[in-house]
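Trainee: Please put together the full structure from these sequences, using the hints given.
In case you want the letters, here they are:
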Amino acid sequence: MLKQIRRALLLSLALVAPVMADTFVFTAIPDNDETRLRERFQSVADYLSEQLDVDVRYVPVKSYAAAVSAFRNNQVQLAWFGGLSGVQARQLVPGSEAIAQGKEDTQFITYFIAHKSTGLEHSDTLPKAIKGMTFTFGSKGSTSGRLMPEYYIRQTFGEAPEDVFSRVGFSGNHSRTIRLVESGTYQVGAVNYAVWNSELDAGKIDTDAVKVIWETPSYQDYQWTIRGDVNERFGDGFKDKVKQALVNMDDPELLKKFPRSAFIPANNSDYDSIRETAKQIGIID
Amino acid sequence: MDAVHLRNLTAAYGGQQVLGPISLDIRPGEHIALVGGSGAGKSTLLNLLYEQVRDRAALVPQEQGLVQSLPVFHNVYMGQLAAHSRWYNLLNLVWPRRRELQAIEPLLEKLGIREKLRTPVEALSGGQKQRTAIARALFQNAEILLADEPVSALDGPLAHVVMGLMTESYATSVVALHDIDLALRYCDRIIGIQNGQIALDDMTRRLTPSDILPLY
Amino acid sequence: MFLSSTSVRITAAFVAIAILCLFAADLAITTINPWQDLAALFLGMVTPDFFSLEHIGTALLRTLAFAFTGVALGSISGFLLALVFRFRAVRMFCAFIRAIHELFWALIFLQFFGFHPLTGVLAIAIPYAGIFAKVYSEILDETDPTPERVLSRKVDVLSSFLYARIPDALPHLITYTSYRLECGLRSSAVLGFVGLPTLGYYLESSFSQGYYSEVGALLLLFYVLIATLRLWARPRLIPLYVIAAPFFLGDGLPIVWGNVVRFFTQDIVPSPLRDGEGLPGLWHWLSDLAVNQAMPGIWNTLVLTQIALVLTGLVTLMAFPLISRHFGGPTRRGLGHVVLVIARSTPEYVIAYILLQLWGPSMLPAIVALALHNGGIIGHLIGRRSNEITLRPDAPKGIERYGYELLPRLYSPFLAFLFYRWEIIMRETAILGILGIYTLGFFVDSAIQNIQFDKAMVLILVTAFLNIGVDAISRRVRARLRLKVSMTCEGH
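Protein chains in written order, with our numbering: chain V, 60 to 344; chain G, 1191 to 1406; chain P, -15 to 476.
Think of the hints as simulated: they come from the structure by calculation, not from any bench.
It is possible that part of the hints are untrue.
[What the hints assert, rightly or not] Under the rule of at most 25 Å between Cα atoms (straight-line distance), these lysine to any residue pairs were calculated in the SDA-like manner:
(1) P:K118 with G:Q1318
(2) P:K138 with G:N1237
(3) V:K190 with V:K162
(4) V:K270 with P:G194
(5) V:K315 with P:G194
(6) V:K187 with P:T14
(7) V:K316 with P:G194
(8) V:K175 with P:A24
(9) V:K162 with V:D310
(10) V:K190 with P:S346
(11) V:K338 with P:S271
Mentor: So, in structure tokens, the structure goes:
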């Protein structure tokens, strides 16, 4: 029976391998509701497939770390990373490059949001009154939902979040952060402003229950990162083709799904300050 | 076969000596009955004996040693496992060989359980189980038969049939019996055990029931 | 006296420890309206939507495929290990591999096999092999040894084993394996939470988006699958399923073998050694890890485990009358069975996940989840056992019947099952940390999220040794109480 199983496994490998060999696979960090991610990235896969003339497949993952691991393990060749996950991934895969980012990603912002019961109002600095309240980040590996808010919390209070708040949680993604603060499970939360705005436009947020109390200064965030060895596998100039295809993406429907107004070229060095911040906090060694 | 010579056999249970030291010679062609009250040490002696002569003996233990979920056929066939290769045994387990069936059927016929050939042992009555264990020992065809109360669950006529069959099939045997009449009728030497010692050892022809009764 | 004073004393000690732990535990309900969401969830359960989920069939198929392949592989390897179980090294190896939870195994394999089916299959097969080895060897040891004794010494080992041991052990081996298959279905479902394409994957997606009717549909189908296991998992059909299962695992992503080498030669090597900081660096790294992560993790894991253990006992004692024939008629017992099937078919991880969303983060959801699931399992076993008891015709009724007639007779098996599950409760407690409760799993997950596999591995090892320790204590307690449960080991 062992033999049968092994044969079946090998067979399933063999069945997949030839197809995968010329399939360009990409993933994205799961920063949003799964249905929305699938819609968005399936459209991207279709678009890229058309532009690049190869089969393109989108693979959803359940965590930021899984996205980084898949990229590192060469199971995906391209990924839509956040600032932090991109830094982690490029550190682990020498030769990989940030090739494109959304126009908004050069000026990204985190919103601190609070439940109405806290009585907090919008302010120009991080309100000191949040000390002692309950607080939720997004995912542990998120830039806008973890890294930057933690950085500003430490800067404001001079303490780790666990010492500032009575309870610290990780919601998993930005949509859930909004839901959790909206329902009062946590009093305060940190959320990606793009996700907040798009949910707000879609009428999904009960603005009586939850409001923005502070906006962080801007920083670099999301980017497309590609492995250094794609040209060897998909032909000379493939990397540039991908970069061009991404930057040329101008279908308003598609851009709205991100939501970004346009994509522009990016460089690894754009994210140096993110790496420094992550080192300070101890998220990367 | 060669004679069996046993010297200074002892057995202890929980640190206490329960049997022996006993010395015993078993000569070829002897049918020996072990008699004595319950707890006297018959089973212990028989088991010790089995350890000494395991390579040339077939054993019918009191608890029978049957595999409950296997049919009678396989339980009997187990007497001859050593005579075949493992692959033959494996095949026979899954798919009974005709040759073995033909060898075992007449044996079961004589014991009156032929129709149980394919019945799992767990579905048999006490007497039928006992005869299955005996059939296995007979099928094994070793040099010596060692049997512990082999007919305890069989009624009168059947007990005689089985005792007859055993003495006929095995030239040499040691059988623990509590039935004095059976011992006197089928065995030519009687060893009485009492308190872990041999209290009586004589040829049957020189004994009467009244010589044996005091042992109980 | 029915209750030996030892069992009363031990019970009292455990209850006292649990009460002390209550003071150290964080049990708040932090949501402002915890019942509103719960009501929404129940509404979803009664208005399941079987059609909006296009992947619902795939989810169930993959769950079955991973369960069958994993359990089959685990059972075969476990059987082979059981044959050499008398060696101490093998016993320790098995104790070690089963002390690591399926989800931890999955998290490890994900790092180098990625989303290849092998990740899910091995995550189930490896810990199950450890459990199978132990229980199979116990079953084989307990079969009647006399058939082997009457065989001639010249009989070869294989024939002797196949004729004299296996046939009588087989029904027990099959019963236990089919019980494990049910566990395998639960394990397989839960693996979805880390990204494998099984039920948990879809459950998490639907739940986190508030699609409660989809959640309802997924859960109901899962209950039906488990409740009807006996109908469709016929012994004759099992080989067919096992052969077919590997073909339904999905294709995932191809394995890159270089990643495997890298994982073992670089990723899990402690970073100070990788960076050439030598032993002083390693010492600093280790003590930092111990103080900031391992210690708090162990403390929370222990506190939560002890409370959950006692609450499990309480739930059991309240739950078993639901299916006992000494209380209530067939209708009430039927309903009781439904309640207990739901409690024991829903993995702790799923209950905890749901309650965490509804009540907010604290130990409370985890404790309730562990108590409901494990209480459901033991309640079922004790209830069945109570049905084997025949009472005199004029036995008292109601609470007197419970207190005077049944409880004294059932208390020993109850304690035995409870202590059997102690280690399992701790394994699960550790893993629930992934959901955000500060047990060891939280720190393991954090290390993995930070791509620090060296730290993750150390913490997983700590978790494993903690489990082995509790198992050893549990064995001593059971020996002290002279508790022994029948061979099926259903407690596991």
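Trainee: Is it true that the CA of K190 (chain V) sits at most 25 Å from the CA of K162 (chain V)?
Mentor: Violated, because 34 Å separates the two Cα atoms, which is more than 25 Å.
Trainee: Going straight from one Cα to the other, do K175 (chain V) and A24 (chain P) come out at no more than 25 Å?
Mentor: holds (22 Å)
Trainee: With the threshold set at 25 Å, check whether the alpha-carbon distance from K138 (chain P) to N1237 (chain G) stays at or below it.
Mentor: holds (18 Å)
Trainee: Holds or violated: are the alpha carbons of K118 (chain P) and Q1318 (chain G) at most 25 Å from each other?
Mentor: violated (36 Å)
Trainee: Is K162 (chain V) close enough to D310 (chain V), meaning Cα to Cα at most 25 Å?
Mentor: The hint holds at about 15 Å.
Trainee: Check whether the Cα positions of K270 (chain V) and G194 (chain P) lie no farther apart than 25 Å.
Mentor: Holds, because 21 Å separates the two Cα atoms, which is no more than 25 Å.
Trainee: Does the structure keep K187 (chain V) and T14 (chain P) at a Cα separation of 25 Å or less?
Mentor: holds (21 Å)
Trainee: Hint check: K316 (chain V) vs G194 (chain P), CA-CA at most 25 Å. Holds or violated?
Mentor: holds (20 Å)
Trainee: What's the verdict on K315 (chain V) and G194 (chain P), does the C-alpha distance respect the 25 Å limit or exceed it?
Mentor: holds (23 Å)
Trainee: Straight-line Cα separation of K190 (chain V) and S346 (chain P) no greater than 25 Å?
Mentor: holds (19 Å)
Trainee: CA of K338 (chain V) to CA of S271 (chain P), is that 25 Å or under?
Mentor: Answer holds: K338 (chain V) to S271 (chain P) is near 20 Å, not above 25 Å.
Hint compliance for this structure: hints 1, 3 are not met, and every other hint is.
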